[in-house]
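Participant: Construct the entire structure; sequences and hints are all you get.
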Amino acid sequence: MSAILPERDRAAEARAQELEARLAELSREIAGLRRRGEKEQLDVGRLIGDLEARADELRRELLDLRPAWQAVALARHPQRPKAQEIVAALIEEFTELHGDRLFRDDPALLAGVGWFDGRPVVAIAPRKGRDTRENLAFNFGMPYPEGYRKALRAMKLAEKFGYPVLSVVDTPAAYPGDAAEERGQAEAIARNILEMTRLRTPIAVVITGEGGSGGALAVAVGDAVLMLEHAIYTVIPPEGCAAILWRDAGRSREAAAALRLTASDLVALGVVDEIIPEPPGGAHLDPAAAIAAVGEVLRRHLRAAAGVPVETLLQRRYAKYRAMGYHEERA
Amino acid sequence: MLNWLRRPKYGAVERRDIPPGVWAKCPKCGATVYHRDLVRNLKVCPTCGFHHRLTAEERLAVTVDEGTFEEHDAGVVSGDPLRFEGYADKLREAREKTGAADAVITGLGAVEGSRVALAALDFAFMGGSMGSVVGEKIARIAERAVEHRLPLVVFSASGGARMQEGALSLMQLAKTSAAIARLHEARLPYLSVMCDPTTGGVTASFAFQGDVILAEPGAMIGFAGRRVIEQTIRRKLPDHFQTAEFCLEHGLIDMVVPRPAMRATLGRLLRFFGAPRLPAREAVAAPAGEAPADGGA
Chain H
1 MSAILPERDR AAEARAQELE ARLAELSREI AGLRRRGEKE QLDVGRLIGD
51 LEARADELRR ELLDLRPAWQ AVALARHPQR PKAQEIVAAL IEEFTELHGD
101 RLFRDDPALL AGVGWFDGRP VVAIAPRKGR DTRENLAFNF GMPYPEGYRK
151 ALRAMKLAEK FGYPVLSVVD TPAAYPGDAA EERGQAEAIA RNILEMTRLR
201 TPIAVVITGE GGSGGALAVA VGDAVLMLEH AIYTVIPPEG CAAILWRDAG
251 RSREAAAALR LTASDLVALG VVDEIIPEPP GGAHLDPAAA IAAVGEVLRR
301 HLRAAAGVPV ETLLQRRYAK YRAMGYHEER A
Chain A
1001 MLNWLRRPKY GAVERRDIPP GVWAKCPKCG ATVYHRDLVR NLKVCPTCGF
1051 HHRLTAEERL AVTVDEGTFE EHDAGVVSGD PLRFEGYADK LREAREKTGA
1101 ADAVITGLGA VEGSRVALAA LDFAFMGGSM GSVVGEKIAR IAERAVEHRL
1151 PLVVFSASGG ARMQEGALSL MQLAKTSAAI ARLHEARLPY LSVMCDPTTG
1201 GVTASFAFQG DVILAEPGAM IGFAGRRVIE QTIRRKLPDH FQTAEFCLEH
1251 GLIDMVVPRP AMRATLGRLL RFFGAPRLPA REAVAAPAGE APADGGA
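Protein chains in written order, with the working numbering: chain H, 1 to 331; chain A, 1001 to 1297.
Rather than coming from a laboratory, the hints here were simulated on the basis of the structure. Predicted model only: the values in this text are computed from it and were never measured. Each hint should be verified, as a subset may be incorrect.
[As the list claims (entries may be wrong)] Sample of chain A residues lacking proximity to chain H, with all beta carbon distances greater than 12 Å (derived): (1) GLY1113; (2) GLY1166; (3) GLY1218; (4) PHE1223; (5) PHE1241; (6) PRO1258; (7) ALA1261; (8) ARG1268.
[Said to hold, decoys possible] Listed next, the stretches of chain A that the computed footprint assigns to chain H, with coverage defined by at least 3 CB atoms under 8 Å from CB atoms of chain H: (9) 1059-1070; (10) 1174-1181; (11) 1194-1205; (12) 1227-1235.
The beta carbon of each residue, even a glycine, is placed where N, CA and C say it ideally should be.
Facilitator: Printed below as a string of structure tokens:
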């Protein structure tokens, strides 16, 4: 069973709110100076430069005070390596498979076969776009039920041949739309989760960006669940949490801290098995190095799983998920 | 335990400007009903058929054969693993308000003479949200069903995962699903009954994993919340969107069963799936001193 986490550093949050107030003050001062400069034809460039440098300093300090929010920002960074780039870089002779055989092909979820570490594997990955056009095509990384059903089809293929499944996860959520509901979004997710708990082949999951609730879990039950250092994994986005709890989406930064959604929190909670370190400053600053690090850790886990009899693998997987959670027992 | 089965509390019915406990007003048609009549009618409005929500206690009281229910794992209670602000207070308030320990009651009992493992979620307790306790108790009752070779019947009523337990709540989807998978592998029947409302993480796990899925009329059933969907698609949704009837029409559930017919429907399905039977009613009810004819087994 999971442990109780240590108390959060509330002094840091108080300090962060103080910094925010001072930043707001600074930006008012800068705007005021600019207006005066124009009106009175004064050279205020240096003064403004000084104030802006001070604001940058405060912003950096602010980020350090809020590791959870920093992780949220990095996990959603537009230049973060995309799941399909990771798949393309790590898997040789990748062949994409399309469609759920029931309704349509969902471009928001990539599925296919290829070679990894000299072995055949099946890869699945919700995918986000690199630009607006791609993002529209991939529905901003939010799959429909047919996307999850395609993923299950690919996983069943892996099971049939005893190939490991490699799941690369970066999705904000399952798509919340009327058509998705009509076609059974909940059923598709529930089925995938159930089938993944008993799929008779190794499953390795790596959360590389956003692990958004049920929409992520539908492709993230596995023998090894790994996470990039600045990825997040959460039951609800911090904005949604703040809106529900405090009726104030502006308090997302606090909600991010309260939800304990960083990789180190999740390892402490027993939800994630291992953290994959990112290049200094985040994966977007050196995508190739980040992808190589992912590859190395995946290789180790898949090699370790390769020799394990399926029954043992399934028993371990059951025991692992069965133990997740925290409760107390009264007589 | 038996006390509440005989004397259900009536907290779920809305009362406005009415002396408590005498009259109840239907939130749908506005009709004023003598409270005792409403309860006698299983809390279905006699005027418009609206199904008032039931607490877990009430649900078991109207479903389980009298005197057969044996609660399990009543002592499993929530902690505050994330030290989430306000959670400890919310738990305390919910316990005081409902008198329940958490959002689900589980146990063994009989429905129309068929022995079953049962779970009933309680929307009155923090919106029936699934945290570690709900997940643990559902997993345990599914495992107990396997152990005793009994069918499982689960009544769901939940807003989804309990966000105050963060990712641990999310993992309850995997935990309950793993236990339900074992139930299926043991070739035991699982009947899932969706009551108003069944949404979010509960639909994305055990509620949609039944061999047969039933729902109460008018129950709200769906994964994403209505408001979120409307914001996403920038359109108003029709009134019947995400109702039990809508789900039936779209092939997502097997049947919509009015509350007065629920017990008989479950009884029929349980007999069909070969649920073990209680000893004959006469034998159980035989007066002291008179041995039943053949032991009743």
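Participant: Which constraints among the numbered hints does this structure fail? Numbers only, ascending.
Facilitator: Hint check: 2, 4, 5, 9 fail, others pass.
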